[in-house]
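Chemist: Line by line, the protein sequences give chains A and B.
Each residue of the first sequence is one higher than the last, beginning at 185 in our numbering.
Each residue of the second sequence is one higher than the last, beginning at 29 in our numbering.
No lab work stands behind these hints, which were simulated from the structure alone.
Each hint should be verified, as a subset may be incorrect.
[Unchecked claim] Residues from chain A shown here face chain B by an in silico Cβ test under 7 angstroms; the list is partial:
#1 Ala205
#2 Pro208
#3 Thr216
#4 Lys250
#5 Leu252
#6 Met261
#7 Glu265
#8 Arg272
#9 Arg322
#10 Gln325
#11 Ser329
Virtual Cβ for every residue (Gly too), placed ideally from N, Cα, C.
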Amino acid sequence: MAKRRYIGGVILCLALSTSIAAEPPTTAVIGTPPQAVWSQLNAQQKTILAPLAGEWDKMENIRRKKWLGIAERYPSMKPDEQRRMQDRMREWASLTPEQRAKVRNSYKEFNQLPSEQKQAVKQKWEAYSNLPPDEKQRVRQSGKSAQLLAPPPEPISPAPSAEEQPISEASSASPVRPPAGEPGKN
Amino acid sequence: MVLTSNRSSNSHFRFASDNRYLRQILAILALLLGMWISFYMDSNNYVSELEEVDSALLSDDLPPEAFLDNDFFEWLKDDTSAE
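For reference, chain B alone in the conformation it holds in the complex (with noise of 0.2 angstroms):
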């Protein structure tokens, strides 16, 4: 009598423990769910970003080397700023 009250209480006891860590690992595979979530949509914000600056740039009747030729920005920053 004893001994089956004693496993019945063991068993519990391990499905209790077993419970416990079947809790911890589905929050941290919920943490690591919500992070890469916060990741992609970080991904998204990023790239879409990207995406709307180089297809405007690149389709632009103004080359990117305008942009890349520090001589030429210098010069029209120089004699528009001595007026």
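Chain A with its partners taken away, still in its complex shape (with noise of 0.2 angstroms):
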């Protein structure tokens, strides 16, 4: 109970947090060089930065430099997290500075939580997100997130008991011909 509260104090500073800046500090966009344009990257530096090949040129000096960074840092990822990094590249470049902000703040905030909680907020969005947009809301407006987690009783019982007559007549019925066919092998 203790640790949903923990849960739940943690999650609203997700929320709410939106205390790292947007911009860059003036401070900091003046003591970055100028960086390389596309033309004068590596074939590698080319390779790993792919998705981001069309915007690259129009991108300020400290995004390239911090992108040659992660590149550098690229190689010594597992496969995984390379495949899901250049999957995501182009989306997260084409967000805003503002929702790039909240993502990282929450993100921040999220890394801090125990890794058993952590797994419970992946496992809640892996539901959540398999879920239609009117499913979504209804799943929300009827209950709490852990249902997201449980077995789902629902989808299974009110369908299939429709259709399971049926198929258990004939499974009640076909358990009925081995006995009858039984007897008459032997």
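Using the supplied hints, reconstruct the complex from the two chains, each of which is provided in its own coordinate frame.
Modeler: Next comes the structure, spelled out in structure tokens:
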């Protein structure tokens, strides 16, 4: 119970936290030397940063510097991390500075949760994000998020129950046959 | 004689005043260099922090969309704080 309250508090912070400034500090902008344009990147950098090729030359120096740093870290990542990184690069770069700041703040808070609570949030998100939009709303209104982790009793019981009868009749009929057949075998 | 001593004191004065200008310019350049180094360090710190957060969140199995979905987080917040 106390743990749940703790998660609640942390998530409240997650939702409300907008403390990191969306724009970089002016001193950092002035202190960033001009960074390479796309044509000056080496082959490895171009391969890693390929999803950003279209917008690279329009990016501010400070963002280019950050991506070049990420490209340096990239080879040390696991293959599935590398795949996720490249899949998300373009979409991430297309977010507004405010959205990126919001996600970073929330992620920092999320990372401070104990690993089993992080795992629970991930499982809930996985279940939730696969629902169609109207179903998401229905689930949110119907109760607590813990239902996302429970084995889904509702979807199974109402729909198949109507169909189950003929099946159960068929299946109940089929067990009858073997005994009928078995004596015949004997 | 007077003329030559006048001339030498004149050139000495000019040298001293040039020297003062030079020192002022050097002081300003040193100040600018100091400021730029401080800004450069600021940029390095800021960028390395961003690098760390962005590389972790973009490679995590929980996608960034999860943190942008206000409805989802509001819901988690509401039902965990209700207990």
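Chemist: Now look at each hint and say whether the structure bears it out.
Modeler: Verification of the supplied hints:
no.	hint	verdict
1	Ala205	violated (10 angstroms)
2	Pro208	holds (6 angstroms)
3	Thr216	holds (4 angstroms)
4	Lys250	holds (5 angstroms)
5	Leu252	violated (9 angstroms)
6	Met261	holds (6 angstroms)
7	Glu265	holds (4 angstroms)
8	Arg272	holds (5 angstroms)
9	Arg322	violated (12 angstroms)
10	Gln325	violated (9 angstroms)
11	Ser329	holds (5 angstroms)
Hint check: violations occur at hints 1, 5, 9 and 10; the rest are consistent with the structure.
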